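Engineer: Fit chains B and C to the known structure of chain A by using the hints.
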Amino acid sequence: MSQGAIAGRSGTSPKRRRRRRRPGKGRFVLLGVFLIFLLAPLYWMFITSIKPSDDYLAVPPVWFPSRPTLVHYSAALFAYRGLQGIENSLIISISATALSAFVGTLMAYSFARFETGGKHLSFWVLSQRFLPPIAIVLPVFLIYRTVGLNDTRFGLVIAYTVFTLPVTVWMMFAYFKGVPRSMEDAALVDGCTRWEAFWRVAVPLAAPGIIAAAVFAFIACWTEFFFALVLTSRTAFTLPTVFRAFLGFQGAQYGEASALAVVSLAPSIALGVLAQRHLVRGLTLGAVRG
Amino acid sequence: MSRVGEARRREAGLMAGFSTGLSLWGDRHFKWLLLAPGIGLILALSVYPLLFSLWVSFVNYDFQIPGHAFVGLKNFSQVVLDPVARWSLVLTVMLSAANVTLEFALGLSLALAMVRPFPGRSLVMSILIIPLFISPVIVGQVWALLLQRPFGPTNYLLGLLLRREVTIGWLSESPWVYFALILSDVWQWTPFMFVILLAGLTSIPPNLYEASELDGIGGWLAFRLITLPLLAPMITLAITFRLLDAIRLFDTIFIMTAGGPGTKTYTSSFYLYTVGFTQFHLSQATAGSWILLVLTAALVSFLVRRLLKAEAV
Amino acid sequence: MADVRIRGLHKWFGAFHAVRGIDLDIADGDFTVLVGPSGCGKSTLLRTIAGLEDISEGEIFIGDEIVNDMRPRDRDVAMVFQDYALYPHMTVEKNIGFGLRARKMAKSEIDDRVNRASAMLGIAQLYGRFPRQLSGGQRQRVAIGRAIVREPRIFLFDEPLSNLDAQLRDEMRWEIKRLHRAISTTMIYVTHDQIEAMTLADRIVLMREGRIEQVGTPAELFERPISRFVAGFLGSPKMSFLPGRVVGFEGVAALAIDGAEFPLPLPPAHAARVSTAGARVLLGLRPEHVVRAQGASPGEGMIRLDARVELLQPTGSRTFATFRIGSASALAELQAHDVSNPGETIQLDANLNRASLFDAETELALLS
Chain A
1 MSQGAIAGRS GTSPKRRRRR RRPGKGRFVL LGVFLIFLLA PLYWMFITSI
51 KPSDDYLAVP PVWFPSRPTL VHYSAALFAY RGLQGIENSL IISISATALS
101 AFVGTLMAYS FARFETGGKH LSFWVLSQRF LPPIAIVLPV FLIYRTVGLN
151 DTRFGLVIAY TVFTLPVTVW MMFAYFKGVP RSMEDAALVD GCTRWEAFWR
201 VAVPLAAPGI IAAAVFAFIA CWTEFFFALV LTSRTAFTLP TVFRAFLGFQ
251 GAQYGEASAL AVVSLAPSIA LGVLAQRHLV RGLTLGAVRG
Chain B
1 MSRVGEARRR EAGLMAGFST GLSLWGDRHF KWLLLAPGIG LILALSVYPL
51 LFSLWVSFVN YDFQIPGHAF VGLKNFSQVV LDPVARWSLV LTVMLSAANV
101 TLEFALGLSL ALAMVRPFPG RSLVMSILII PLFISPVIVG QVWALLLQRP
151 FGPTNYLLGL LLRREVTIGW LSESPWVYFA LILSDVWQWT PFMFVILLAG
201 LTSIPPNLYE ASELDGIGGW LAFRLITLPL LAPMITLAIT FRLLDAIRLF
251 DTIFIMTAGG PGTKTYTSSF YLYTVGFTQF HLSQATAGSW ILLVLTAALV
301 SFLVRRLLKA EAV
Chain C
1 MADVRIRGLH KWFGAFHAVR GIDLDIADGD FTVLVGPSGC GKSTLLRTIA
51 GLEDISEGEI FIGDEIVNDM RPRDRDVAMV FQDYALYPHM TVEKNIGFGL
101 RARKMAKSEI DDRVNRASAM LGIAQLYGRF PRQLSGGQRQ RVAIGRAIVR
151 EPRIFLFDEP LSNLDAQLRD EMRWEIKRLH RAISTTMIYV THDQIEAMTL
201 ADRIVLMREG RIEQVGTPAE LFERPISRFV AGFLGSPKMS FLPGRVVGFE
251 GVAALAIDGA EFPLPLPPAH AARVSTAGAR VLLGLRPEHV VRAQGASPGE
301 GMIRLDARVE LLQPTGSRTF ATFRIGSASA LAELQAHDVS NPGETIQLDA
351 NLNRASLFDA ETELALLS
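If you're matching them up, the sequences are chains A, B and C in order.
Sequential numbering of the first sequence, starting at 1, is according to the numbering used here.
Sequential numbering of the second sequence, starting at 1, is according to the numbering used here.
Sequential numbering of the third sequence, starting at 1, is according to the numbering used here.
So that you can see chain A by itself, here it is in the shape it has in the complex (with noise of 0.2 Å):
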């Protein structure tokens, strides 16, 4: 399968072009299955949002309800302060990505044109994101106790701040560098301070990569799980969090549960989608060459 779809055009004898045919199809086989593979989980999770409850304990499954309700999403967005999670995760989450793409922005162009720091200052700033985050959450979480952080929005802004600082960094570093150095210099020049430089040319040349590493560091934001369990409880809680409220389930909770994720799903797929262009470039950028 493989070899059909990288070697080059035309084969010579017949038994090479024979084999070269076939090839072809495979992929699509394999994507096909993949994408049901994919979609099929999604789809249920749907169909059990606006299942009424006694199609849960149909046999055979349900695939299609006769009688759809919405009575779920309200229980999940009401009854189970779904909307309040959506409310403190947007909140949340735009105040961190924002902080995070401008303090990323100006740490990325500092290493980027001055080297500052030399490598191990940047590599130690990368680094940052391999921390196993229990090492972290657990002392944060006694030290905001001791401050009366815990289980506000803007403890959790700060801690995400720092939780997406580094790729940021790494995005912006990589982008900066692509830019020539000309236009700062020629800014320095005009009769611009270091900072005027950086803002009033650097910056604005960036902004497709600062709206890329918005974009991933809100969708970190916005699905993180982990910190938020530790640092939130009933006032400050996010969108994932709510999750743990059908626990346990024995039945009475699908409907609420696949509500909320498909609420949750809606804003992560359309941004994701929207970003799919820069997804590559995020992902790797610096690492490919040409």
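A portion of the hints provided could be inaccurate.
Claimed, not checked - Heads up, simulated DSSO-like pairs for lysine-lysine below, C-alpha to C-alpha not over 30 Å straight-line: (1) C:Lys177 to C:Lys94; (2) B:Lys264 to B:Lys74; (3) B:Lys31 to B:Lys309; (4) C:Lys94 to B:Lys31; (5) A:Lys177 to B:Lys31; (6) B:Lys309 to A:Lys177; (7) A:Lys177 to C:Lys94; (8) A:Lys119 to B:Lys31.
Claimed, not checked - Away from chain A, derived, C-beta distances all over 10 Å, residues of chain B: (9) Gln64; (10) Asp82; (11) Thr101; (12) Arg163; (13) Pro175; (14) Gly262; (15) Lys264.
Since the hints were derived computationally from the structure, they do not count as laboratory data.
What you are looking at is a predicted structure, and each value in this text was computed from that prediction instead of being measured.
All C-beta atoms, glycine included, are put in the ideal place defined by N, C-alpha and C.
Structural biologist: Just chains B and C, lined up with the frame of chain A:
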């Protein structure tokens, strides 16, 4: 000239001088000023907490008991001697290895399948990357719904396929739980591998294949001699990043199995979470998390060194 | 308007010694060209004058001020970059006026200057466009316009024509020369192209490996190069270098070119410079000084040679022929209509009066 006017002019001059002086100072230290906010945040929310937790792991930190007595290595030995801790480490390694291997193999196959354009390719692309933007908790929730017993669709479909009743407890019986966890992880993260490997594949200049065809090399040989070597840096990158994320496995465990049955699906992160936040043995938990940190750091430096070497080529 | 004085300038990039002790005086209003092969430090030198690079050692004076620690914006210089460095997110008009707005000049004054510069360069009709909509030549004009409106005391050019195609380059060269005549401000111009250097410069500073090889007017460098490097760098096609030994021949100082049958007698002017018999030297001959033999006998100081043509390079108005003297290759300049063929043997007159002599070891010119 009035005295007020003179004073105001002098003040303006001073202000201008001050602001110029400030601007000069700012320019001179610009690169450090840019770093200050970020470094400050990292120091406050990463370095300081880590040092604090190091202290906690050497004392007896308890909410109930006042005073924090120094207890030496007692917390560390408690972790090391705990059979659950040891099992969690083993399980983390095994699950991560299984997940990354499967995701790599599938991801590479998908990337190879998607390399050449065909109608509808961008639609397929959009669908393929959807799992990457979903919260792992939700992925766990979705698979829990799919795999549940007795009313889940999985057992029913398997029953149809195997023509007998299937009552596998995917979330409550070992070894089926492991399959469940691997399934959900592969579902979510194969696209990650896919994207990176596809980027690597598309960056290989097509004229390399054209040249090799003129030399008589095609198909499988071209894959081995051209594709794989040129893809190697991206493969290393993909595996490094995925592996370092896979060892943190927590969210899906929390939602799908809660560590069960018993403690059979305790990964290291879940184990430490339980010790710290369910049992509130905080000193033990921090000690354990420092051990995990050291192990992770060793793995990171090993992998990143290989990664940097691969890219230097 | 200001002069520039550089004293003992050194610049290290880590362990790399890019600029190795430069002393240079640039007179007020002069058009000075810094020229040399890649990596010779000319761009680095220019950037230190602009303030875009710090210097490791030495002093730079602009006017009477020492500017070592001054920021670029305070030095009152303007710079034109090789890749134009136009701000992509601003229109042409905004690009040109950017520096003036950064210095908070009055809007009417800004508009006035921008209009005058645009008129001078013929780009007023491009005001509303963005850089990506312009051709290479237009972009370069806008970049020059941005420099002009600042009315600085020094203009700096960093290989501004390198990104243009050959025809455009010729055009822009004349534009820049006209510009200098019009506003007669000190201009420092970096290029690797010796033709640009020769046509534009009042004075040329030829650099090699971080040091100044020679400073002078184009004529001085061309006619009295102080080293083989200078002689070989300027002039196209290059000067031919023939290694040989000083010998006596019929009572006259002569050159035995390696592998040649007969020594070439040296004109008296040259003979005076070579002191030691047996000294190894290089004879430098420019193609334009080796022409088709004319007249019954060669003129004073000229040598008649029988040359077997190896290669012909026609360039339209002239044809260059490669031939051998001894074991060395040399170039002769023939008229286009002068038909010769490879393999043919023709007679050439070499004008040794105009030749250069270099010590074979030091590669320095033997000058009286």
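Engineer: Look at each hint and say if it fits the structure.
Structural biologist: Structure-based check of all given hints:
With a C-alpha separation of about 26 Å, the suggested pair Lys177 (chain C) and Lys94 (chain C) falls inside the 30 Å cut-off, and the hint holds. Between Lys264 (chain B) and Lys74 (chain B) the alpha-carbon distance is near 25 Å, which keeps this suggested pair within the 30 Å criterion. With a CA separation close to 29 Å, the supplied pair Lys31 (chain B) and Lys309 (chain B) stays within the 30 Å bound. The hinted pair formed by Lys94 (chain C) and Lys31 (chain B) meets the criterion: a straight-line CA distance of about 28 Å does not exceed 30 Å.
Annotation: proposed proximity of Lys177 (chain A) to Lys31 (chain B) holds, straight-line Cα distance about 16 Å (limit 30 Å). The suggested pairing of Lys309 (chain B) with Lys177 (chain A) holds, with an alpha-carbon distance near 20 Å, which does not exceed 30 Å. Proximity of Lys177 (chain A) to Lys94 (chain C) is assessed by CA-CA distance (about 26 Å); at most 30 Å being required, the pair is judged to hold. A distance of roughly 15 Å separates the Cα atoms of Lys119 (chain A) and Lys31 (chain B); the hinted pair therefore holds under the 30 Å criterion.
Under the 10 Å C-beta cut-off, the non-interface status given to Gln64 (chain B) relative to chain A holds; the minimum distance is some 14 Å. No Cβ of chain A comes within 10 Å of the Cβ of Asp82 (chain B); the nearest lies about 15 Å off, and the non-interface call holds. Remark: the non-interface label on Thr101 (chain B) is consistent with the geometry, its nearest Cβ contact in chain A lying 17 Å away (cut-off 10 Å). For Arg163 (chain B), the requirement that its beta carbon stay farther than 10 Å from each beta carbon of chain A is met, with the minimum near 14 Å.
With a cut of 10 Å on Cβ distances, Pro175 (chain B) stays outside the contact zone with chain A, its closest approach being about 21 Å. A cut-off of 10 Å between C-beta atoms confirms that Gly262 (chain B) is not in contact with chain A; the least separation is 16 Å. Lys264 (chain B), annotated as away from the interface, keeps every beta carbon of chain A farther than 10 Å; the closest lies near 17 Å.
In the structure shown, no violation is registered for any of the earlier numbered hints.
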